[in-house]
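Chain by chain, the residues run as shown.
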Amino acid sequence: SQKIEQNSEALNIQEGKTATLTCNYTNYSPAYLQWYRQDPGRGPVFLLLIRENEKEKRKERLKVTFDTTLKQSLFHITASQPADSATYLCALDPWSGYSTLTFGKGTMLLVSP
Amino acid sequence: DGGITQSPKYLFRKEGQNVTLSCEQNLNHDAMYWYRQDPGQGLRLIYYSQIVNDFQKGDIAEGYSVSREKKESFPLTVTSAQKNPTAFYLCASSISVTGELFFGEGSRLTVL
Numbered sequence: 017s018q019k020i021e022q023n024s025e026a027l028n029i030q031e032g033k034t035a036t037l038t039c040n041y042t043n044y045s046p047a048y049l050q051w052y053r054q055d056p057g058r059g060p061v062f063l064l065l066i067r068e069n070e071k072e073k074r075k076e077r078l079k080v081t082f083d084t085t086l087k088q089s090l091f092h093i094t095a096s097q098p099a100d101s102a103t104y105l106c107a108l109d110p111w112s113g114y115s116t117l118t119f120g121k122g123t124m125l126l127v128s129p
Numbered sequence: 002d003g004g005i006t007q008s009p010k011y012l013f014r015k016e017g018q019n020v021t022l023s024c025e026q027n028l029n030h031d032a033m034y035w036y037r038q039d040p041g042q043g044l045r046l047i048y049y050s051q052i053v054n055d056f057q058k059g060d061i062a063e064g065y066s067v068s069r070e071k072k073e074s075f076p077l078t079v080t081s082a083q084k085n086p087t088a089f090y091l092c093a094s095s096i097s098v099t100g101e102l103f104f105g106e107g108s109r110l111t112v113l
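The listed protein sequences derive, respectively, from chains A and B.
Position 26 of the first sequence, counting from 1, maps to 42 under my numbering, and the rest follow consecutively.
Position 57 of the second sequence, counting from 1, maps to 58 under my numbering, and the rest follow consecutively.
Misleading hints may appear alongside valid ones.
Below, computed lysine to any residue pairings styled on SDA-like, alpha-carbon distance capped at 25 Å [stated by the list, open to error]:
(1) Lys-71(B) with Asn-19(B)
(2) Lys-121(A) with Val-112(B)
(3) Lys-75(A) with Ile-96(B)
(4) Lys-58(B) with Glu-25(B)
(5) Lys-75(A) with Ser-97(B)
Here are some chain B residues pointing at chain A (derived, C-beta under 7 Å) [to be verified]:
(6) Gly-43
(7) Leu-44
(8) Leu-46
(9) Tyr-49
(10) Leu-91
(11) Glu-101
(12) Phe-104
(13) Gly-105
(14) Glu-106
(15) Gly-107
No lab work stands behind these hints, which were simulated from the structure alone.
Just so you know, these numbers come straight off a predicted model, no measurement behind them.
Where is the CB? At the ideal position from N, CA and C, for every residue including glycine.
Kindly produce the complete structure, drawing on both the sequences and the hints.
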């Protein structure tokens, strides 16, 4: 069956450390993968998009990798801050660019001072 | 400022009543979407529209209806046929169906 898996357990880290969140998928062939941030009771906010032919993408303290062989994307936040605490969602297009996004359930990140 | 406006933010209704959630965007985006989010669940697509006067069912369209009479507006009606309507509803738009999504702040519907 088709699945997008993100860690259901919250990730707790200390301020200043690097947070790494994982998104694994099975039985999809996405042309790209996106990451969103969602705060409680708010709508998700787009962070980064990475295409299948890109190994890595960076934006300020954020870095995303995309390994189509492993069927995995890693999302890193370096020098994490308490303000980074939120739920992070990964989303992919299931059929190589011709359909709407499918979302994972998200992983909650808690950064303590 | 460009963005997506959803209203109302909170809505309470009795069982058996239809309710309509509003979604307006001024981003000049062609595509608009409605998602439902339940605790511990990912976003699930209800309906989407790629162009005015056209829309497609998503994964969980049963019990919902939409219209797209204007580019800026994509209202969602939760009908009495929807068995579990209590949820957080999110509207989004994008330049195209393959682009990044811009979300509204959501509407929380509680059916009593």
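Here is how each hint holds up against the structure:
no.	hint	in the structure
1	Lys-71(B) with Asn-19(B)	holds, 22 Å
2	Lys-121(A) with Val-112(B)	holds, 24 Å
3	Lys-75(A) with Ile-96(B)	holds, 21 Å
4	Lys-58(B) with Glu-25(B)	holds, 19 Å
5	Lys-75(A) with Ser-97(B)	holds, 23 Å
6	Gly-43	holds, 4 Å
7	Leu-44	holds, 4 Å
8	Leu-46	holds, 6 Å
9	Tyr-49	holds, 6 Å
10	Leu-91	holds, 5 Å
11	Glu-101	holds, 4 Å
12	Phe-104	holds, 3 Å
13	Gly-105	holds, 5 Å
14	Glu-106	holds, 5 Å
15	Gly-107	holds, 5 Å
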